[in-house]
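Going line by line, the protein sequences match chains A and B. Per the numbering used here, the very first residue in the first sequence carries number 243; after that it's consecutive. Per the numbering used here, the very first residue in the second sequence carries number 243; after that it's consecutive.
FYI, nobody ran anything at the bench for these hints, they're computed from the structure. Be a bit skeptical, because a hint or two may be false.
Just so you know, same-sequence chains aren't split out, so a pair can sit in one copy or run between any two.
For lysine to any residue, the following SDA-like pairs were computed, each having C-alpha atoms within a straight-line distance of at most 25 Å [as the list claims (entries may be wrong)]:
no., residue 1, residue 2
1, K306, A538
2, K615, E322
3, K625, G440
4, K625, N356
5, K615, R303
6, K602, T621
7, K602, R500
8, K625, E584
9, K306, P291
10, K615, G358
11, K306, G273
12, K306, R533
13, K306, K615
14, K306, L518
15, K625, P357
16, K615, A545
17, K306, L293
18, K602, Q252
19, K602, A434
20, K306, Q467
21, K602, L313
22, K306, F521
Read off the chains here:
Protein chains: 2
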Amino acid sequence: MNLLIAERMQSVTPFYVMELLQRAQELQRQGRDIIHMEIGEPDFPTPEPILRAGERCLRERDIKYTPAAGLPELRQAIAEDYRRRHGVSVDWRRVFVTPGASGALLLAFACSVNPGETVMMADPGYPCNANFLRLLGAEARWVPVGAATAYQLNAALAGEYWLPRVRGVLTASPSNPAGSVLHEPELAALIAETERRGGVYYSDEIYQGLEYGPPLPTALSFSEQAFVINSFSKFYGMTGWRAGWLVAPEACAESVERLAQNLFLSTSTVAQYAALAAFAPETAPVLEARREEFRARRDFLYAGLLRLGFSVPLPPEGAFYVYADCRAFTEDSLVFARDLLERTGVAVTPGLDFDRHAGKYHLRFAYTASMDKMADGLTRLEKFLCR
Amino acid sequence: MNLLIAERMQSVTPFYVMELLQRAQELQRQGRDIIHMEIGEPDFPTPEPILRAGERCLRERDIKYTPAAGLPELRQAIAEDYRRRHGVSVDWRRVFVTPGASGALLLAFACSVNPGETVMMADPGYPCNANFLRLLGAEARWVPVGAATAYQLNAALAGEYWLPRVRGVLTASPSNPAGSVLHEPELAALIAETERRGGVYYSDEIYQGLEYGPPLPTALSFSEQAFVINSFSKFYGMTGWRAGWLVAPEACAESVERLAQNLFLSTSTVAQYAALAAFAPETAPVLEARREEFRARRDFLYAGLLRLGFSVPLPPEGAFYVYADCRAFTEDSLVFARDLLERTGVAVTPGLDFDRHAGKYHLRFAYTASMDKMADGLTRLEKFLCR
Numbered sequence: 243m244n245l246l247i248a249e250r251m252q253s254v255t256p257f258y259v260m261e262l263l264q265r266a267q268e269l270q271r272q273g274r275d276i277i278h279m280e281i282g283e284p285d286f287p288t289p290e291p292i293l294r295a296g297e298r299c300l301r302e303r304d305i306k307y308t309p310a311a312g313l314p315e316l317r318q319a320i321a322e323d324y325r326r327r328h329g330v331s332v333d334w335r336r337v338f339v340t341p342g343a344s345g346a347l348l349l350a351f352a353c354s355v356n357p358g359e360t361v362m363m364a365d366p367g368y369p370c371n372a373n374f375l376r377l378l379g380a381e382a383r384w385v386p387v388g389a390a391t392a393y394q395l396n397a398a399l400a401g402e403y404w405l406p407r408v409r410g411v412l413t414a415s416p417s418n419p420a421g422s423v424l425h426e427p428e429l430a431a432l433i434a435e436t437e438r439r440g441g442v443y444y445s446d447e448i449y450q451g452l453e454y455g456p457p458l459p460t461a462l463s464f465s466e467q468a469f470v471i472n473s474f475s476k477f478y479g480m481t482g483w484r485a486g487w488l489v490a491p492e493a494c495a496e497s498v499e500r501l502a503q504n505l506f507l508s509t510s511t512v513a514q515y516a517a518l519a520a521f522a523p524e525t526a527p528v529l530e531a532r533r534e535e536f537r538a539r540r541d542f543l544y545a546g547l548l549r550l551g552f553s554v555p556l557p558p559e560g561a562f563y564v565y566a567d568c569r570a571f572t573e574d575s576l577v578f579a580r581d582l583l584e585r586t587g588v589a590v591t592p593g594l595d596f597d598r599h600a601g602k603y604h605l606r607f608a609y610t611a612s613m614d615k616m617a618d619g620l621t622r623l624e625k626f627l628c629r
Numbered sequence: 243m244n245l246l247i248a249e250r251m252q253s254v255t256p257f258y259v260m261e262l263l264q265r266a267q268e269l270q271r272q273g274r275d276i277i278h279m280e281i282g283e284p285d286f287p288t289p290e291p292i293l294r295a296g297e298r299c300l301r302e303r304d305i306k307y308t309p310a311a312g313l314p315e316l317r318q319a320i321a322e323d324y325r326r327r328h329g330v331s332v333d334w335r336r337v338f339v340t341p342g343a344s345g346a347l348l349l350a351f352a353c354s355v356n357p358g359e360t361v362m363m364a365d366p367g368y369p370c371n372a373n374f375l376r377l378l379g380a381e382a383r384w385v386p387v388g389a390a391t392a393y394q395l396n397a398a399l400a401g402e403y404w405l406p407r408v409r410g411v412l413t414a415s416p417s418n419p420a421g422s423v424l425h426e427p428e429l430a431a432l433i434a435e436t437e438r439r440g441g442v443y444y445s446d447e448i449y450q451g452l453e454y455g456p457p458l459p460t461a462l463s464f465s466e467q468a469f470v471i472n473s474f475s476k477f478y479g480m481t482g483w484r485a486g487w488l489v490a491p492e493a494c495a496e497s498v499e500r501l502a503q504n505l506f507l508s509t510s511t512v513a514q515y516a517a518l519a520a521f522a523p524e525t526a527p528v529l530e531a532r533r534e535e536f537r538a539r540r541d542f543l544y545a546g547l548l549r550l551g552f553s554v555p556l557p558p559e560g561a562f563y564v565y566a567d568c569r570a571f572t573e574d575s576l577v578f579a580r581d582l583l584e585r586t587g588v589a590v591t592p593g594l595d596f597d598r599h600a601g602k603y604h605l606r607f608a609y610t611a612s613m614d615k616m617a618d619g620l621t622r623l624e625k626f627l628c629r
């Protein structure tokens, strides 16, 4: 036992994907041709208008701290985007710019979750969510879900799994790793059930915009008491800039601001000025074209995996992942993923990072690689399966 | 009572300086001429070579996630800087790039402090430190200090205030708000005392480089088990970029990396590439000239405040603050600061943000304003005192 290390570190989980990613990069340095389908990051560069706004900021402004809550004009632009996209009116003083969605999640949980409480979330789900709670002495209450509920929680499940110390419910729509979504009736019912029980609703909407069916609703349309987490990383192609946002209930705004002052001081000034251009008219067609490209890739990869014999019970409707049941080939996704990488140079993520109950027989394929690369990857995968 | 808000929020302290700052900005918008001596941010822009490196990054690179621990070349450059400046060898794999020193502090505490434990720190001191601990269910153990120990802890005080659940000792050298420092013998003795008692040493070195006597030591010269927090914000003039770093004990490196993956994903890519230029030969003379300017301002402000009748028992040796005892004029620094701002347009910070035991009769003056502005400020202050 290491006497320097706090007890909580025993339960903060590592990422298996990192092991795979590091090995893939190592093989690449050795000259191997690697197909990256393990990475949760778009392969597109930041859109030109956003880059140009970042450069302008560096040329024309002093790069000083902004207010802890973010640039007022960016908070206003985010609020305005909710009005335009969703027809919902959000007071911009409820919007807090954060260092990525990670910062937003930390603020939301730190503001509202007590030690010893739990937050209900779908298993499979994004693993960091639970680790933020551990920091605060709280825990995730994982609810195993599958294709039957589109890998999402619903009102019935929330009722079934509720316990006295459940603080609230967290959902992600579109979700990681399943790429599944919550449509309006299900979202509204789940929020209503959560609030009826006195719980707090946390809505992770970081993949919104990357949806391939009808536009997705925001939790803000159904509740003014929900915390909504979002980001410029995925849809707006700004991963490395580190800017996201939190919309908090009005009653929490003062607390969230106090936390932001203490925990972050402020979010990257360059990222904030660049992010203003995310809402510019000239950026919209770039984003739209990328969405269409992702849709085409989704169709291609989904069909390809089915053809090879993977089971994907429902086509993913958003984000950039296919979560495939690999029981036809293995019940140890980690060994399978390691083998696949070593023999074929195709990198994918074992479900273990996301999924406590069925991760051993799931793989996450990210379609953050070009069509050509994916086609190559599928060919290699097919050969691997037929060995 | 607000049912949405977690209990910890009752103890997360707000910043009085924010109230003053907002009021100062409001008066400024009304056309008043305001002298800002309340802000803990250098008035200099980011040095040109760093700005140019940031622009180059935007032009030439994809702004993608970096590894959670930071760009290897930046971690290596930081390690190399310890060798060059301090003659101490630091394995670069112990260096973690973080979103500002705030991120570094969160990693250090989250990795090593258990709920119910305390970390000893000087009162007065930087208020956020204690709020990070509250997040983790831990607390600050404040030790009242004054001019007798240069507003710093020492080995004797550490022994006197030690309790079974003290996890370790945090110092800042140079310190905020006092601008006082720990020289080699005192630092070495305090680290030895801390480790002799089984405690962990946390060394906040974010103002290093901004010292006006002999170069200050780093805790890394005396212990491989210390956590060292530092930043590109103050000395390197990169506040709005949000990049800092943590040096962790080797035994904690894996835990720190896991936390960074979960809590941040990564630090701003633009900031990291720009920060590489912080160590470039062409940046050094810019930083040296600024240090000399700060030294001259320190001398001017220190002498000016003494002349007006404030008590400053020892000249500050670093950072950019003078912490002045104002009992000759008031025992309510908050009322005094508000009054001063309204009547004269001079903004300063009441000690209350930093100081639980003597904040009511201290003011922090930041010399982050030009000589001319400070001269004007002192003239207004003198008139205010003679009213």
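Checked hints:
{"no.": "1", "hint": "K306 / A538", "in the structure": "between (42 Å within a copy, 23 Å between copies)"}
{"no.": "2", "hint": "K615 / E322", "in the structure": "neither (38 Å within a copy, 39 Å between copies)"}
{"no.": "3", "hint": "K625 / G440", "in the structure": "neither (53 Å within a copy, 57 Å between copies)"}
{"no.": "4", "hint": "K625 / N356", "in the structure": "neither (51 Å within a copy, 51 Å between copies)"}
{"no.": "5", "hint": "K615 / R303", "in the structure": "between (41 Å within a copy, 21 Å between copies)"}
{"no.": "6", "hint": "K602 / T621", "in the structure": "within (24 Å within a copy, 73 Å between copies)"}
{"no.": "7", "hint": "K602 / R500", "in the structure": "between (42 Å within a copy, 22 Å between copies)"}
{"no.": "8", "hint": "K625 / E584", "in the structure": "within (14 Å within a copy, 77 Å between copies)"}
{"no.": "9", "hint": "K306 / P291", "in the structure": "both (22 Å within a copy, 17 Å between copies)"}
{"no.": "10", "hint": "K615 / G358", "in the structure": "neither (46 Å within a copy, 52 Å between copies)"}
{"no.": "11", "hint": "K306 / G273", "in the structure": "between (43 Å within a copy, 22 Å between copies)"}
{"no.": "12", "hint": "K306 / R533", "in the structure": "between (34 Å within a copy, 18 Å between copies)"}
{"no.": "13", "hint": "K306 / K615", "in the structure": "between (42 Å within a copy, 19 Å between copies)"}
{"no.": "14", "hint": "K306 / L518", "in the structure": "both (17 Å within a copy, 19 Å between copies)"}
{"no.": "15", "hint": "K625 / P357", "in the structure": "neither (50 Å within a copy, 52 Å between copies)"}
{"no.": "16", "hint": "K615 / A545", "in the structure": "within (16 Å within a copy, 68 Å between copies)"}
{"no.": "17", "hint": "K306 / L293", "in the structure": "both (19 Å within a copy, 12 Å between copies)"}
{"no.": "18", "hint": "K602 / Q252", "in the structure": "within (21 Å within a copy, 43 Å between copies)"}
{"no.": "19", "hint": "K602 / A434", "in the structure": "neither (34 Å within a copy, 48 Å between copies)"}
{"no.": "20", "hint": "K306 / Q467", "in the structure": "neither (33 Å within a copy, 33 Å between copies)"}
{"no.": "21", "hint": "K602 / L313", "in the structure": "neither (44 Å within a copy, 32 Å between copies)"}
{"no.": "22", "hint": "K306 / F521", "in the structure": "both (23 Å within a copy, 20 Å between copies)"}
Of the numbered hints listed earlier, those contradicted by the structure are 2, 3, 4, 10, 15, 19, 20 and 21.
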